[in-house]
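First to last, the sequence lines map onto chains V and D. Per my numbering, residue 31 is the first one in the first sequence, and the count goes up by one each step. Per my numbering, residue 5 is the first one in the second sequence, and the count goes up by one each step.
Each statement offered as a hint is correct.
Within a straight-line C-alpha distance of at most 25 Å, the following computed DSS-like cross-link-like pairs (lysine-lysine) qualify:
| id | chain 1 | residue 1 | chain 2 | residue 2 |
| --- | --- | --- | --- | --- |
| 1 | D | Lys15 | D | Lys61 |
| 2 | D | Lys61 | D | Lys75 |
| 3 | D | Lys15 | V | Lys72 |
| 4 | V | Lys97 | V | Lys86 |
| 5 | D | Lys18 | V | Lys72 |
If you are wondering where the hints come from, they were derived from the structure by calculation, not from laboratory data.
The chain contents come next:
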Amino acid sequence: QKEVEQNSGPLSVPEGAIASLNCTYSDRVSQSFFWYRQYSGKSPELIMSIYSNGDKEDGRFTAQLNKASQYVSLLIRDSQPSDSATYLCAVFFQKLVFGTGTRLLVSP
Amino acid sequence: DTGVSQDPRHKITKRGQNVTFRCDPISEHNRLYWYRQTLGQGPEFLTYFQNEAQLEKSRLLSDRFSAERPKGSFSTLEIQRTEQGDSAMYLCASSWGTDQETQYFGPGTRLLVL
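Construct the complete structure from the given sequences, taking the supplied hints into account.
So, in structure tokens, the structure goes:
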């Protein structure tokens with residue numbers, strides 16, 4: 031059973047702080063990793079993909095991948111109240127396998 | 005709008021009724037996926053198509069569920085004899101060509117079985 035695990039949260043950070051979201055996965059063969067953002071009642075929205083070890087930056091978002099530790103993270107710099115959402119980590123095993131998501135709350 | 009579209013957006017039905025959902029993928033996307041999401045959980049894979057061929061079905065997809073993609077374009081997901089446990093958000097996603105892993109989701113169909 032391939033698994034993706036995330037802390038369900040909520041993770042509470044003040045506006046302007048860095049939010050750090052973490053994810054571990056069970057299958058060493060996995061090559062493709064994704065972060066989706068999901069607002070309440072809406073569908074998942076792709077925000078980042080990462081395929082190689084190290085960091086990948088896109089605006090205020092940085093994805094980090096460590097395949098040896100089977101660990102993926104997402105950093106959100108200068109967090110805004112509009113970033114408050116559930117962040118889903120997904121790993122591609124012929125289809126996407128999702129974690130349960132981490133709820134992020136950014137307070138003004 | 006050239007994104008993934010789903011219809012209907014909301015469906016309320018009585019237990020035992022049949023329901024059918026439609027998904028239109030992004031134009032020229034050859035892979036189409038169905039997922040189901042319940043409250044507090046991440047989306048769970050149900051099935052996927054490459055063009056018109058259904059290549060994989062999850063064990064979650066009981067014999068009451070059937071999916072089709074007859075011409076390799078839009079897809080339908082039918083649930084027969086609905087049960088209260090079928091209440092969920094049904095999500096469709098599509099992907100393309102050499103970047104099969106990157107999937108874009110539609111708005112979802114929210115099903116409530118009374």
